[in-house]
Amino acid sequence: MAGWIETYRGMVYPWQCDHQGHMNVMHYVGMFDQAGWHLLNACGLGSETLAATNRGFVSAKDTLEYFAELRAGSLVMVQSGVGRVGTTSFILLQRMKDAATDALAARHESVGVHFDLKARAKLPIPDGDRARLAAHIVDPSVD
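The C-terminal residue of the sequence shown carries number 143 in my numbering, and the numbering is unbroken.
The reader is advised that the hints may include incorrect statements.
[As the list claims (entries may be wrong)] Okay, derived cross-link-like pairs now, EDC-like style, lysine to aspartate or glutamate, Cα gap no bigger than 20 Å in a straight line: (1) Lys-61 / Asp-18; (2) Lys-61 / Glu-109; (3) Lys-61 / Asp-33; (4) Lys-122 / Asp-62; (5) Lys-118 / Glu-48.
Keep in mind that the hints were calculated from the coordinates and are not lab data.
Given only the sequences and the hints, what does the whole structure look like? Please build it.
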């Protein structure tokens, strides 16, 4: 089983915080989204590779869990991995931590569906791509 890979690192800016003083939901989503594309690239499925074959991945379901506030000035790190690979989809697992304290701030799980960009419909993940995704399967219970 593979280990988590770091896919995003940044800092929370004041403009990313809401009236309650913590990072707003839309910025968690944005950071997780960017991190997901880095994972796909690590799997050999970067945007250029996918575009050349008129393929992509669309998010069919997203689940976010929040555990600790991130405030302006917090250093953020996202680690990503694959939970499962199916015929037409895979599960992306991500965890966001306060990089200074290593405290878990949020978790994200997404079902990514392999998508034909011309037909606008799902299609099977090619065997080679499935193997590359499967090489990044992680155990979500392991730090």
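Results of checking the hints against the structure:
| no. | hint | result |
| --- | --- | --- |
| 1 | Lys-61 / Asp-18 | 25 Å, violated |
| 2 | Lys-61 / Glu-109 | 8 Å, holds |
| 3 | Lys-61 / Asp-33 | 13 Å, holds |
| 4 | Lys-122 / Asp-62 | 17 Å, holds |
| 5 | Lys-118 / Glu-48 | 16 Å, holds |
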